[in-house]
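Novice: This is what each chain is made of:
Number of protein chains: 4
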Amino acid sequence: MNYQHILEQVSQEASALAGEGNVASYIPELAKVPPERFGMALVTLDGQVFSTGDASERFSVQSISKVFLLALAIRQVGEKLFERVGKEPSGNPFNSLVQLEYEHGIPRNPFINAGALVMTDVLLEHLPDAKAAVLDFARLLSGSSEVDYDYAVAASERATGFTNIALANFLKAHGNLHHPVEQVVDAYFHHCSLSMSCLELARSFLFLANHGILPHPTSQPINQSTNQPANQSTNQPARLLSVSQTKRLNAVMLTCGFYDEAGEFAFRVGLPGKSGVGGGIAAIMPGHWAAAVWSPEINRFGNSVRGMKALELLTTLTGESIF
Amino acid sequence: MNYQHILEQVSQEASALAGEGNVASYIPELAKVPPERFGMALVTLDGQVFSTGDASERFSVQSISKVFLLALAIRQVGEKLFERVGKEPSGNPFNSLVQLEYEHGIPRNPFINAGALVMTDVLLEHLPDAKAAVLDFARLLSGSSEVDYDYAVAASERATGFTNIALANFLKAHGNLHHPVEQVVDAYFHHCSLSMSCLELARSFLFLANHGILPHPTSQPINQSTNQPANQSTNQPARLLSVSQTKRLNAVMLTCGFYDEAGEFAFRVGLPGKSGVGGGIAAIMPGHWAAAVWSPEINRFGNSVRGMKALELLTTLTGESIF
Amino acid sequence: MNYQHILEQVSQEASALAGEGNVASYIPELAKVPPERFGMALVTLDGQVFSTGDASERFSVQSISKVFLLALAIRQVGEKLFERVGKEPSGNPFNSLVQLEYEHGIPRNPFINAGALVMTDVLLEHLPDAKAAVLDFARLLSGSSEVDYDYAVAASERATGFTNIALANFLKAHGNLHHPVEQVVDAYFHHCSLSMSCLELARSFLFLANHGILPHPTSQPINQSTNQPANQSTNQPARLLSVSQTKRLNAVMLTCGFYDEAGEFAFRVGLPGKSGVGGGIAAIMPGHWAAAVWSPEINRFGNSVRGMKALELLTTLTGESIF
Amino acid sequence: MNYQHILEQVSQEASALAGEGNVASYIPELAKVPPERFGMALVTLDGQVFSTGDASERFSVQSISKVFLLALAIRQVGEKLFERVGKEPSGNPFNSLVQLEYEHGIPRNPFINAGALVMTDVLLEHLPDAKAAVLDFARLLSGSSEVDYDYAVAASERATGFTNIALANFLKAHGNLHHPVEQVVDAYFHHCSLSMSCLELARSFLFLANHGILPHPTSQPINQSTNQPANQSTNQPARLLSVSQTKRLNAVMLTCGFYDEAGEFAFRVGLPGKSGVGGGIAAIMPGHWAAAVWSPEINRFGNSVRGMKALELLTTLTGESIF
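Residue numbers (the working numbering), protein chains in the order written: chain A, 7 to 329; chain B, 7 to 329; chain C, 7 to 329; chain D, 7 to 329.
Hints in this document: simulated from the structure, not taken from any laboratory. Here a beta-carbon is modelled for each residue, glycine too, at the ideal position from N, C-alpha and C. Every clue listed holds true.
Per label pair, the in silico range of CB-to-CB distance:
1) D:S62 / C:G25: 56 to 64 angstroms
2) A:P40 / B:Y32: 53 to 61 angstroms
3) C:G325 / D:P40: 39 to 47 angstroms
4) D:P34 / C:P186: 53 to 61 angstroms
5) C:P186 / B:Q189: 16 to 24 angstroms
6) B:E19 / A:G293: 23 to 31 angstroms
7) A:E26 / D:A138: 53 to 61 angstroms
Partial pick of chain D residues on the chain A-facing surface, computed with a CB cut under 10 angstroms:
8) A172
9) H180
10) V187
Generate coordinates for the entire structure from the input sequences, incorporating the hints supplied.
Specialist: Dropping the structure here:
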C-alpha cells in the first residue's frame, strides 16, 4: 500500500473542508491556534513512517490523553477499574452531569471527563506521582523525551474549568473520588495539556495495534511500578497490556471515543480511535498501523472536522477497516 | 483452528451460567420456551459448518431481524435512510421513548424499536409487500425456504405490544411515519416473529463477514426490486451491499447492537453482532466467519446470559476479534 | 367593588397584547378561530354577573374540561384516584411522555393529558356513559342545557391526535388504563371538545369558590350515581364536593393548572385556575367569585397571552388574590 | 378560634407518627438532634401568641432561610432577580443538577439550592456583608437579637457539602455566579445554619401574612441599604415588601416551597410555606396568622413527617386555608 501517496491525497481532499468548524475557544490558550493547520502521520508495525503537512508540530492533545490514563489504570488495577467507571457509550446529546446524577456518581465510561477524573484518582492511589507518571508514559510510548505538558494550557484550564471542578465535586459527593478535589483536578488539567505532534501520537498508539506490545526498537520490558523499561540492557519488545486488555481498551475507544459521535465515527471511518478538542484524532488498524491527524477546527460535538474526513478518506482509499 | 472442539468447550463452560437470567415473559408465546435450551453454530467463508447443542432448533429471532431490515433499507434508499434515523448508541438506561421525545421523533439508531418501525415504514414505501420481502430475504440469506414467521408470536405481540404501538403513534405525531400506524406495526410484529435456527442465522450473517457478498453456493446476483436472485442460471456470488455499506452496517451493529450493553459486548466479545429477547445472538468475524448462539435466559438488558458468555469464550479461545 | 368597570379597564389594557401569541394550529378546527376575539366574565357568589367583549361566544374549552373530570372522578372514587395519578407539578420543559416513562405509567398530575386519560378511564369504570356524564355535569354547573360537545373538533383531534394515542397506549402498557385504548381516547377527545362561553365557564367554576356547593338558584342536591339533581322539588343548594375535597381540587389547579407556567400564573395572578389551548382560562377567588376569560392567541406554553394578562390586571386592580 | 386548644390537639394527634421518617444525617451536626422533639407556634396579626411542646427550642432552619434570602433579594433588585432564576416548580424526582444543565445554568426557582446560591450572589453584589445582612434580617423579623448562625453546622456543611460546591461551580461555568465560588458557598452555608425556634420563625413569617408589613410593636421603617429600622424614634409599622411583591413571594412558596412535594403540601395543607431538612416548616394564612412547626424526622423528600401532618390537622381543624 502506498501510504505516502494516500496521505497526500487525503490531505488535499480534506482541505476542501477548511473553514468548517471552529477552533475550541473555551480555553483561551487553545483559541490562539491557527485554524488552517493540518498534519497527518501513519506508522506501521514494521517500522515505516509516513506523514504530511504539519505532522511534526505539537498541539494540545486534550482528551486523547485519556487513552494513556486508561492504559495506565488498567495496568494498575485491571478490571477492577470498572467497578468505579462504566464502559457504555454516553450516547445522548446532554452532557455528562445528567448521567452522573442518574447513575449515582459512576461515570458512564472512561472517556467522558468524569471518567477521566476517576481514573486520575485511581492513578493517584497507585503511583507515587500521577502527573509525572502520565508524562513519562507518553514519552515512553512516543519514544520522545521532549514530549511535555503545556503548563500555560493547564493553568488556563485550572482558572476557568468550572464544569470539570463541578464534576469532581459531584463525584466526591458520591464517594467516587478518594483524593481531595484540588489534587485530582490539578493532575487532570495537566494530563489534558499534554502537547504532542501527529508523529508522536501515531507512534504512541502503535502498541494498541500490536496486541499490547510496544513495537519500536527502543522498547523494553516495562517495570510495573515505575512504568519505565525494566532493564536497559535487553532488547525485548515490551508488553504493556495483555492481548485481552488491549482488545478491551480498543473496544472502549470504538464505542466511546468520540463523545456523541462514536456511532458516526465507527460508521464513516470504522476504526478504534480517540479525539480531543485540540483538533487531534488518533486511530489504529489492529495488526497493521496507527495514525494521527490534527486540524484545529472542531464541530459542535468537539471532533475535528477535517480530521474525521481525513480518516474516512484513509479507510476508504486503503479499503482497510476493522469491519 | 479446530472450531468444532472450541464450540464444544464453549458450550460446556457456558452451561455453568444456566439458571441466571430469565426467559422473556412479556410476550406470552415466548414465555413457553424451555429455559435450558442452548445451541451454537459457526460457518466459515470457505463453507465449513460447525455446531453444537440445539443449533438446528428454530426460535424467535426478535430484534435480530432488525439487521435484515437495515440491510434491505440500505439497499432501497442508501444513506438517505439516515435522514430519518440516527446512528448513535442509545446509551442510557432509560428507554427509547425519552430520547425520541428529546430528539423530536428521530430514533437514535436503527436497532431500537422506534428505528425499526421507521425502517419498516421505509420498506413499505419501496417494496410491494414489506412483510413478504423480509421473509424472502431471510430465506435467501439462510438458504432455507422453510424459514417462516411464527404467526402465533406475531399475534401475541399484536395484542399486547402497547409500548410499540405508543412508539409508532409518537413517530406518526412527529411526521416520521408515512404509512398508517396499523400497517406499520402489523409488519413490524411479523418481522420480529421470524423463527430461525442458529445454523440458519449464522449462514444469514455470512454476507456481512464477506464485504456484502452472499458466499454460499446457491448465491445469485440479486434483483434490486424483487430481492430475489436475478438470474437462476448463473452461479456468480451475489453482492447484496457494497463494501462501504457493509462496513457501515457492521459499525452500527458494534455500537448499537446490544441495547444498553453495546459497550459491554464490544468489551468482552469484540465482534459486531445483534441480539434478540428470544435469547439469540448473531455475530461476525469479518473476513472469516459468522456465528449464532441461542439460550433463552436473558439478563435485565434483554441479552442472552449464556449467549454473551459463549461468544466471549469463543473470541478468547480463538484469539479472534476485530480489535 | 365595581367589577364591571374593572373588567372594561382590563379588556382595554389587555388589548395591547393583541398579535402576541398564536392561535393553536395543531387541530385544524381550532386554527379557524379569529385571533382577535376577547371575552371575559365574572360571577359572584351572591349572584351578580359582569362581562365584557365576546363573553357569550362559545369556544373550545379543551383542557379546562379536565377540572370537570377531576371533580367527577373525586366524587366517584375520592382520594383513591391518587393511587393512579400524582398531584405534583410536571414542572419541566419536556413533555409528559418522559415523566410517564420515568415514573412507570403514573401521570404526574390530573391536568396533564396522561392524567386526564386515566381520569377518563376511572369514569368509564363508574358511570354508565362517561361521555354523557361529563356533558351533563357541564350543563348542570353552567346552568345551560345548550352546552354541547363540538363534534367536528372531536373528530379532528381523533384523526390527528397521535401523541395522545401514544400516551394512552403507553399507559395501557403500564397497566394504568383498564379500558380499551380506543374507548378511552374517544371519550377523552370529546371531553376536550366541550364548547362553552366565558359566562358559562365562570358560572361552572363558582362551586369551587363556594367550598364545593353549587350556589345558583337552580341548584339541587346531586344524586351521586346519576350526577343529576336528586329531587326536583327542593330548592336546597347542592353540595358537589366536601370542603376538604374542594380545597384539594383548588390546590391542584394552583400547582398544576398551567402546564409549565403554573409558577408564573401563581406569581402574576395569584389565583387557582385552569387554562386550555383554545385560549380560555377559568379562575376562582375562594369565598368571592369565579371568572373566565377567552382570547385565542396562546404562548409557547399553551396559555392565552391576553387571558393571563387580563387575570393579572384583575387581581392587581381589585387587590384580590389568595396570597 | 381557640388556637391554643387546637395546637395541643394537633400535637397529640401528630405524635402518632413519631418514628416515621429519619433525622437528616448528611450533615453530621444535624444527625445529633433527638428525633422525638416536637414544637409548634402560631402568632396572629393582632399579636396573640400560641405554642406547644418544644416551641422555644432553637433548631437548624436550613432551607427555610431561603425565604429570607428571597425577601432580601426582591428588596434589592425587584423583579430583575427573575432574569437569573426561574419561578417554576422543579417538579421532578431527580435533583436539580439535571435541570440546571438542561436550562443552561438558570435555576428553576429560588428555593432549590442552586437558586439560593444565585440569590446569595445577588446579595453579595448589593449589600456590604451578605452574611451579616441575612442574620440581621432574621433578628429584625423575629424580634430576637439572640438569633444566630450555628457555626458548627456551617463548618460541618462546608467540609462535606460537595454537591452544593458542584452546583456553585456549575453556575459559575454558566456565568450565573459573579463572585468567587468560595465566597458564595461560605455565605450560603452560613445562611443555612441559621438557628431559630418555632416562636421566632412564626414571628418572622408574620409580615408575609400581612401584605409585606412587619406588624409587631418593635417594627420600624426599614432602611433599604442597611436593612435596619430607619429611624429609632418612630413607631410606624415597617413595610418590607409591597403588596404585589408579597403576593409573589407567597406564590413562590406555594408552588416551590417543598421540593418535590409542593403539590402534596398544597393539597393536604393548602397554605404557602417553606420547609427545611432540619425538620422545620413555616407557613402563613394571609390576613390572619403565621405558624411554625418542628419535628426532626423527615421523609424521603426532605420534609418533616410530623410537621406536615401537624399543619394538615391545623387547617382541617380550623377550616382555614387559602383555597
